[in-house]
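Given chain A, work out where chain B should sit, using these hints.
Chains A and B, in that order, are what the protein sequence lines are. Residue numbers for the first sequence, in the working numbering: 77 to 334. Residue numbers for the second sequence, in the working numbering: 3 to 91.
Just so you know, the hints here were simulated from the structure itself, not pulled from any lab data. In this text, a Cβ means the ideal position worked out from N, Cα and C, and glycines have one as well. Each hint should be verified, as a subset may be incorrect.
Here are some chain A residues pointing at chain B (derived, C-beta under 7 Å) [unchecked claim]: (1) Gly86; (2) Phe131; (3) Val148; (4) Val149; (5) Ile188; (6) Pro241; (7) Glu247; (8) Leu309.
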Amino acid sequence: MGRGNPKVSGVLPIALENATKAMMAMVKAPKEYICVMRLHGKVNEEDIKAVCKEFVGQIYQRPPLKSSVKRVVRIRTIYYLDVLEISGKDVLMKIGCEAGTYIRKLCHDIGIVLGVGAHMQELRRTRSGVFKEDETLTTLHRLKDAYDTWIEEGDESELRKIILPVEKAVEETPKITIRDSAVDAICHGADLAAPGILTIESGIKRGDLVALMTKKGELVALGTAQRSSEEILDAENGIMVKTRRVIMERGTYPKMWK
Amino acid sequence: MSQLSRKREILVKGEEPLNPEYGVNPYYRPMQIHIKYGIINLDKTPGPTSHEITSWVKRILNVKKAGHAGTLEPLEWGGETRRFQVYFQ
Numbered sequence: 077m078g079r080g081n082p083k084v085s086g087v088l089p090i091a092l093e094n095a096t097k098a099m100m101a102m103v104k105a106p107k108e109y110i111c112v113m114r115l116h117g118k119v120n121e122e123d124i125k126a127v128c129k130e131f132v133g134q135i136y137q138r139p140p141l142k143s144s145v146k147r148v149v150r151i152r153t154i155y156y157l158d159v160l161e162i163s164g165k166d167v168l169m170k171i172g173c174e175a176g177t178y179i180r181k182l183c184h185d186i187g188i189v190l191g192v193g194a195h196m197q198e199l200r201r202t203r204s205g206v207f208k209e210d211e212t213l214t215t216l217h218r219l220k221d222a223y224d225t226w227i228e229e230g231d232e233s234e235l236r237k238i239i240l241p242v243e244k245a246v247e248e249t250p251k252i253t254i255r256d257s258a259v260d261a262i263c264h265g266a267d268l269a270a271p272g273i274l275t276i277e278s279g280i281k282r283g284d285l286v287a288l289m290t291k292k293g294e295l296v297a298l299g300t301a302q303r304s305s306e307e308i309l310d311a312e313n314g315i316m317v318k319t320r321r322v323i324m325e326r327g328t329y330p331k332m333w334k
Numbered sequence: 003m004s005q006l007s008r009k010r011e012i013l014v015k016g017e018e019p020l021n022p023e024y025g026v027n028p029y030y031r032p033m034q035i036h037i038k039y040g041i042i043n044l045d046k047t048p049g050p051t052s053h054e055i056t057s058w059v060k061r062i063l064n065v066k067k068a069g070h071a072g073t074l075e076p077l078e079w080g081g082e083t084r085r086f087q088v089y090f091q
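Pulled out of the complex, with its shape left as it was, chain A reads as follows:
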């Protein structure tokens, strides 16, 4: 059955230069896909919908043979799986899932439960964390045009619409605002101590990934909270956040530490 490779398209956030260091905030973000699953036999619509419903929640997946990750069974959460349309053997579905869910495998497994077999015919990612199909979604072609217009005509308006600040990637990451005097030390890899903190978002737990921001809203670094929001608020000294990835270049803020 010459199936060929399924068509795969959609939201692919690409980070540039310093922004690549913020990707750890993006890779674990939930994803949304629109998928065409092709069944290998006739099944009535009610059965398809009923089986699809069973795949919502926690599922077990073993990575396929041709995979870049270790082949151990993983648990992944399917937040929703909506059957949008059924046309003969093709089932159009919208899937919201945890990062690392293998949609091709999901289709395969749904096919097994339906008893006829199935494969993924087409896949489109419609969301990757905060990045979705909206006015910011662009193509290589538009990117090239916008860049050339900036270089050749000095008009940066299009390029500015296409290139988003790295801060967009941490839109959903809990934030801690730090003093200007603490910024350069963090840029040199120092951990964040209590006196350097201006504000904390509520709901942070020990071990959470947090974004360290300047008062002007610039992303300085990503780190791991060593204390909860309430504990940080009350602390007078001690390390509150261990710095993990520094995004801001050294020297952006003045050196105010010895």
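Chain B alone, transformed into the frame defined by chain A:
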């Protein structure tokens, strides 16, 4: 996606005035710097791999480093990269 909505409440621990001497609102960085701190929400077309597209972006923008978050390949684990796909020239 409800997993993406967070209730934010800002707890104030300390205060200091806004100093205009350094730093900049992220939306007003000069373009050269803006690119260095930039992210592109790219619509991947079927055909080329995520790796190929990332290297084309690098070439178009003349940057040394670019990386995609969550590969989008049928034979890969959709939506996650174990190691970050970062390319150096």
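Checklist entry - For this structure, which hints from the list above don't hold up? => result Of the numbered hints, 2, 3, 4, 5, 7 do not hold.
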